[in-house]
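Following the hints, complete the assembly by docking chain X onto the known chain D.
Protein chains: 2
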Amino acid sequence: MVLSPLLKARQKYPLRLPQILQELDSLMFSKGLSKEKPEIQALFPHMLGYPLLKGEKTARRKSHPFTVGVVLSGGQAAGGHNVIVGLFDALKQMHAGSALLGFLNGPSGIVEGKFKHLEQKELENFRNAGGFDLIGSGRTKIETPEQLQKSLEVVKSHKIDALVVIGGDDSNTNAALLAEYFLKNGCKTQVIGVPKTIDGDLQNNFVDISFGFDTACKTYSEMIGNIARDALSAKKYTHFIKLMGRSASHIALECALQTQPNLTLIAEEIAQEKKSLQQIGEEIADLIIKRAEMGKNYGIILIPEGLIEAVEEMNSLFSELNTLLASEEIQEIDVKEIRWKMQNFLQGPSLKTFTFLPEEIQLQIISDRDPHGNIQVAHIDTEKLLIEIVSKILKQRDFQGKFSPVSHFFGYEGRAGFPSNFDATYCYALGFTAAALIQEGVTGYMACVTHLKKQPEDWDVYGLPLLSLMHLEMRKGKQKPVIAKALVDLKGKPFQFFNNHREEWMVKDDYQFPGPMQFFGEESLTNSVPRIVSLQAH
Amino acid sequence: MVLSPLLKARQKYPLRLPQILQELDSLMFSKGLSKEKPEIQALFPHMLGYPLLKGEKTARRKSHPFTVGVVLSGGQAAGGHNVIVGLFDALKQMHAGSALLGFLNGPSGIVEGKFKHLEQKELENFRNAGGFDLIGSGRTKIETPEQLQKSLEVVKSHKIDALVVIGGDDSNTNAALLAEYFLKNGCKTQVIGVPKTIDGDLQNNFVDISFGFDTACKTYSEMIGNIARDALSAKKYTHFIKLMGRSASHIALECALQTQPNLTLIAEEIAQEKKSLQQIGEEIADLIIKRAEMGKNYGIILIPEGLIEAVEEMNSLFSELNTLLASEEIQEIDVKEIRWKMQNFLQGPSLKTFTFLPEEIQLQIISDRDPHGNIQVAHIDTEKLLIEIVSKILKQRDFQGKFSPVSHFFGYEGRAGFPSNFDATYCYALGFTAAALIQEGVTGYMACVTHLKKQPEDWDVYGLPLLSLMHLEMRKGKQKPVIAKALVDLKGKPFQFFNNHREEWMVKDDYQFPGPMQFFGEESLTNSVPRIVSLQAH
Numbered sequence: 019m020v021l022s023p024l025l026k027a028r029q030k031y032p033l034r035l036p037q038i039l040q041e042l043d044s045l046m047f048s049k050g051l052s053k054e055k056p057e058i059q060a061l062f063p064h065m066l067g068y069p070l071l072k073g074e075k076t077a078r079r080k081s082h083p084f085t086v087g088v089v090l091s092g093g094q095a096a097g098g099h100n101v102i103v104g105l106f107d108a109l110k111q112m113h114a115g116s117a118l119l120g121f122l123n124g125p126s127g128i129v130e131g132k133f134k135h136l137e138q139k140e141l142e143n144f145r146n147a148g149g150f151d152l153i154g155s156g157r158t159k160i161e162t163p164e165q166l167q168k169s170l171e172v173v174k175s176h177k178i179d180a181l182v183v184i185g186g187d188d189s190n191t192n193a194a195l196l197a198e199y200f201l202k203n204g205c206k207t208q209v210i211g212v213p214k215t216i217d218g219d220l221q222n223n224f225v226d227i228s229f230g231f232d233t234a235c236k237t238y239s240e241m242i243g244n245i246a247r248d249a250l251s252a253k254k255y256t257h258f259i260k261l262m263g264r265s266a267s268h269i270a271l272e273c274a275l276q277t278q279p280n281l282t283l284i285a286e287e288i289a290q291e292k293k294s295l296q297q298i299g300e301e302i303a304d305l306i307i308k309r310a311e312m313g314k315n316y317g318i319i320l321i322p323e324g325l326i327e328a329v330e331e332m333n334s335l336f337s338e339l340n341t342l343l344a345s346e347e348i349q350e351i352d353v354k355e356i357r358w359k360m361q362n363f364l365q366g367p368s369l370k371t372f373t374f375l376p377e378e379i380q381l382q383i384i385s386d387r388d389p390h391g392n393i394q395v396a397h398i399d400t401e402k403l404l405i406e407i408v409s410k411i412l413k414q415r416d417f418q419g420k421f422s423p424v425s426h427f428f429g430y431e432g433r434a435g436f437p438s439n440f441d442a443t444y445c446y447a448l449g450f451t452a453a454a455l456i457q458e459g460v461t462g463y464m465a466c467v468t469h470l471k472k473q474p475e476d477w478d479v480y481g482l483p484l485l486s487l488m489h490l491e492m493r494k495g496k497q498k499p500v501i502a503k504a505l506v507d508l509k510g511k512p513f514q515f516f517n518n519h520r521e522e523w524m525v526k527d528d529y530q531f532p533g534p535m536q537f538f539g540e541e542s543l544t545n546s547v548p549r550i551v552s553l554q555a556h
Numbered sequence: 019m020v021l022s023p024l025l026k027a028r029q030k031y032p033l034r035l036p037q038i039l040q041e042l043d044s045l046m047f048s049k050g051l052s053k054e055k056p057e058i059q060a061l062f063p064h065m066l067g068y069p070l071l072k073g074e075k076t077a078r079r080k081s082h083p084f085t086v087g088v089v090l091s092g093g094q095a096a097g098g099h100n101v102i103v104g105l106f107d108a109l110k111q112m113h114a115g116s117a118l119l120g121f122l123n124g125p126s127g128i129v130e131g132k133f134k135h136l137e138q139k140e141l142e143n144f145r146n147a148g149g150f151d152l153i154g155s156g157r158t159k160i161e162t163p164e165q166l167q168k169s170l171e172v173v174k175s176h177k178i179d180a181l182v183v184i185g186g187d188d189s190n191t192n193a194a195l196l197a198e199y200f201l202k203n204g205c206k207t208q209v210i211g212v213p214k215t216i217d218g219d220l221q222n223n224f225v226d227i228s229f230g231f232d233t234a235c236k237t238y239s240e241m242i243g244n245i246a247r248d249a250l251s252a253k254k255y256t257h258f259i260k261l262m263g264r265s266a267s268h269i270a271l272e273c274a275l276q277t278q279p280n281l282t283l284i285a286e287e288i289a290q291e292k293k294s295l296q297q298i299g300e301e302i303a304d305l306i307i308k309r310a311e312m313g314k315n316y317g318i319i320l321i322p323e324g325l326i327e328a329v330e331e332m333n334s335l336f337s338e339l340n341t342l343l344a345s346e347e348i349q350e351i352d353v354k355e356i357r358w359k360m361q362n363f364l365q366g367p368s369l370k371t372f373t374f375l376p377e378e379i380q381l382q383i384i385s386d387r388d389p390h391g392n393i394q395v396a397h398i399d400t401e402k403l404l405i406e407i408v409s410k411i412l413k414q415r416d417f418q419g420k421f422s423p424v425s426h427f428f429g430y431e432g433r434a435g436f437p438s439n440f441d442a443t444y445c446y447a448l449g450f451t452a453a454a455l456i457q458e459g460v461t462g463y464m465a466c467v468t469h470l471k472k473q474p475e476d477w478d479v480y481g482l483p484l485l486s487l488m489h490l491e492m493r494k495g496k497q498k499p500v501i502a503k504a505l506v507d508l509k510g511k512p513f514q515f516f517n518n519h520r521e522e523w524m525v526k527d528d529y530q531f532p533g534p535m536q537f538f539g540e541e542s543l544t545n546s547v548p549r550i551v552s553l554q555a556h
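Chains D and X, in that order, are what the protein sequence lines are.
Taking our numbering, the leading residue of the first sequence gets 19, the next gets one more, and so forth.
Taking our numbering, the leading residue of the second sequence gets 19, the next gets one more, and so forth.
Pulled out of the complex, with its shape left as it was, chain D reads as follows (with noise of 0.2 angstroms):
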């Protein structure tokens, strides 16, 4: 492995610790609150009443060696790396005989004991570098008896302490099954999950974001800034950019924080407000009509991946269509054949929704769909079919001027990158926060590191119990007990902030150019925060 300058030069980087963090061995947890939802108690009888718990200095103590396994799950989120270099500093600080086990590409890892012992040497090339290479990653969840009972088999033949899941909210959700089998099963092996995702969509009073997010909002605002001040000196394409993040719109309204772009979609809202993609539509062709007569043939909208789910007509759609193209009739017709044919599969508002799109993207859903027969949502060009939209209401309206729409989708590239100093910070310190856990016991929490807005430093640890998160959901036509996604809170600080600004915006152009993430100088270049989190209340 021939490192980059870059990798070379991070690996020397000095990360800062919460003062909290400093001394492991004078780190103790004080006891708050409890408080699970009645309707999650019955699944999770042994992890009842667990407290909050909140790290605080005491008296010198002794640690012993752990071996603790530790696993990447879902997708990259910038930072992983040291989550797993801060556990394996702490653990060795906490006592010299400790081990750390990686298993590898995901939880399958654990159920097929597939893992790496993790050592000094090797760490150092990931450290503060990005990706999840290290050990992979994987989507299995284990929820089988069968893999339930063979990861129960692992983590007891190789003696190991304690498992820490670095993971999303299904990840999470699945630490917390897993916390409970082995409680069930009189095994003592705990297990602590670390609150990763760039979607930024598991949040709450002790999780003021979630990791990858600042990393993946940064690279995107770098190439939006640039595209935008492109757009300023060529002043002949509006750009449709599409940003990854799921249901939720957090990542699209952080880069609308940094970039003030002329428009931002944010699924949440249009949900709420229950607008149609023509009104969606209409509303573009209104700002390109405006910016127009002000001489401005150019422009620059995103638009969050969650888009498409939150049109209710769409989604109304989606549900018919799954059902129907689940249908064994259906499954012997050509792609095409199932287009034309549409007119006897569907009716009313949903045959109507299908004849509105333009035809790629009415193949695109048809034929694109996942192992289970679903209509793969997130792969639909959202950008694209909005273009075409905008394009049919600008000719409808007899719209003279110039329209030179350019597609953009963002998000592979925001995922594995270096991470931010901020995330880089923060994920080695969710890393010694995981092994204070650890040290202090416990099984069943999330590792969190709180009022991230303050100098790291003054930042605070919490044990948060996974139950307190968790509630009832309908998954697949079964209620199943799951952390509930974030989604962006339209009464929230953030929003407000946006939603104050952007009719100045859709016209000024008041475009900010982030430019490259920087890492080394200036502290006001190389050490911000999320912007949602610094307009965080809390």
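Hints should not be assumed to be uniformly reliable.
Pairs count within a copy or across copies, as identical chains cannot be separated in the list.
Calculated pairs, SDA-like style, for lysine to any residue (alpha carbon to alpha carbon, straight line, at most 25 angstroms) [unchecked claim]: (1) 30 - 538; (2) 139 - 545; (3) 498 - 63; (4) 354 - 414; (5) 354 - 385; (6) 496 - 66; (7) 308 - 520; (8) 420 - 158; (9) 471 - 223; (10) 253 - 424.
What the hints contain is simulated information worked out from the structure, not anything from laboratory work.
Same frame as chain D, now just chain X:
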């Protein structure tokens, strides 16, 4: 205008200057050889025999005030603002009474006499900043007798001593035409060109690389590296990444050297080896299968924008279609109809090529035409076309492994961002060199700064007669004097280095992760030159 923290910090970044440019009052140019192709001599009778000029130290001399016009021509390239800032600083150093006028929105600003006075205070906000938004750019060519006449009137009426044209090959050709026209009409206004283009196709013995190329490649390489690290972590996607760059593949080659992907197509090589789309598809399929056998269901493939034109069969199809689609008869038929009836219109090899293309690409080719009715070759989604072709081949070969392709196109992201330190420094020196050539009293020259591999203080500066770059070429059916585009030299050292390593890169995952451009800190991180420059012989 609210400045981002990086914009503010960049303003203060100290720009290094070549030794020779540090004292403009003791700089003069010594005369070298003159060489023009006989074929173009008749077209530029007033500019014959201009010698190469080399900047050298001399005794101090006194300068006088100049009124200079500057114009940005063509697509954005990072560093354009620094050329203007450098020009301004140099003119003011030469004489405080000098004035700089910025013509607005490209060469049309000259024809229409639209400009603004550039002043120190405003310029400070654009120092080391990206974009062309200070004065805008445009693609108008000053070619017709009326346009030339108008331009002459404008420079005369505003007593403009010299005009600096910042642009690519075509814009510098235009600068030569303008210089000739001014001379012919007894107008003393000098015309100086500055070599700009991200494509890197303006290269010769005195232009190591055009400005903007470095920033574009570093920006794309950041993204490619991020995606590569994501691929290496997720282990499930094959990314097809198309890169801007028109006919030449310099950008693809440079990004390949920076990131070491599994496959990089080089248009010049494909043209030389007369490869068909089918052959290219087969080679990619070979790679996919080979890697799948190694358990690697992921990969990174770079595709230059110019690929499609480099495929002979496509080129024939395009020229046949361009003639066909221009016919009046066909103008009235709906594009979908045209597609269906193509066997009536095309024959032999072109019909075969057309039939080989996926439906979406067929429609795209027919429907997306420029104002002259020509096919917009640059708009063709080559990355998606290749995915379709490869998928078909894998199916034919009964490939049982996983192939999940994802497509990307990077272009606008890299043209207008913050210039790299290299581009910032290079451009500032280009501005100074242009000023020095104005002081020297010459016209029809390109400002050149060479030996860019060395430290900036050791760079040399030249005035290169524009005529020495020109030859005759068929353009729209007529022989025209143009500056030949520099293509990738398959015998040159950069390509040879790539060629010596590419087999290794195919199977090993030797991905490099350059990360975001760094502006502050260690030399090795902040002051690299393009790889193709560091590998150049001269």
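If the cutoff is 25 angstroms on CA atoms, where do residue 253 and residue 424 land: within, between, both or neither? Let me know, please. For residue 253 and residue 424, only the intra-copy Cα distance (13 angstroms) is at most 25 angstroms; the inter-copy one is 30 angstroms.
Please work out whether the CA atoms of residue 471 and residue 223 approach to 25 angstroms or closer within one copy, between two copies, in both situations, or in neither? Classified as within; 13 angstroms inside a copy, 53 angstroms across copies.
With identical chains, the pair residue 308 and residue 520 could be close in the same copy or across copies; at 25 angstroms between alpha carbons, which is it: within, between, both, or neither? within (15 angstroms within a copy, 51 angstroms between copies)
Is the C-alpha distance from residue 498 to residue 63 at most 25 angstroms within one copy, between copies, in both cases, or in neither? Answer is within: at 15 angstroms inside a copy they meet the 25 angstroms cutoff, but 84 angstroms across does not.
Is it within, between, both or neither when you check residue 354 against residue 414 at 25 angstroms Cα-Cα? Classified as between; 21 angstroms across copies, 28 angstroms inside a copy.
Please work out whether the CA atoms of residue 30 and residue 538 approach to 25 angstroms or closer within one copy, between two copies, in both situations, or in neither? Result: close both inside a copy and across copies, 11 angstroms intra and 15 angstroms inter.
Can you give me the call for residue 139 and residue 545, within, between, both or neither, at a CA distance of at most 25 angstroms? neither (28 angstroms within a copy, 29 angstroms between copies)
Pop the pair residue 354 and residue 385 into one bin, within, between, both or neither, using alpha-carbon distances up to 25 angstroms. Both: 9 angstroms inside a copy, 21 angstroms across copies.
For residue 496 and residue 66, with the copy left unspecified, which applies at a CA distance of at most 25 angstroms: within, between, both, or neither? Answer is within; shortest intra-copy Cα gap is 23 angstroms, inter-copy 84 angstroms.
How would you classify residue 420 and residue 158 at a CA-CA limit of 25 angstroms: within, between, both, or neither? between (49 angstroms within a copy, 17 angstroms between copies)
When the structure is compared with the earlier hints, a violation turns up for hint 2 alone.
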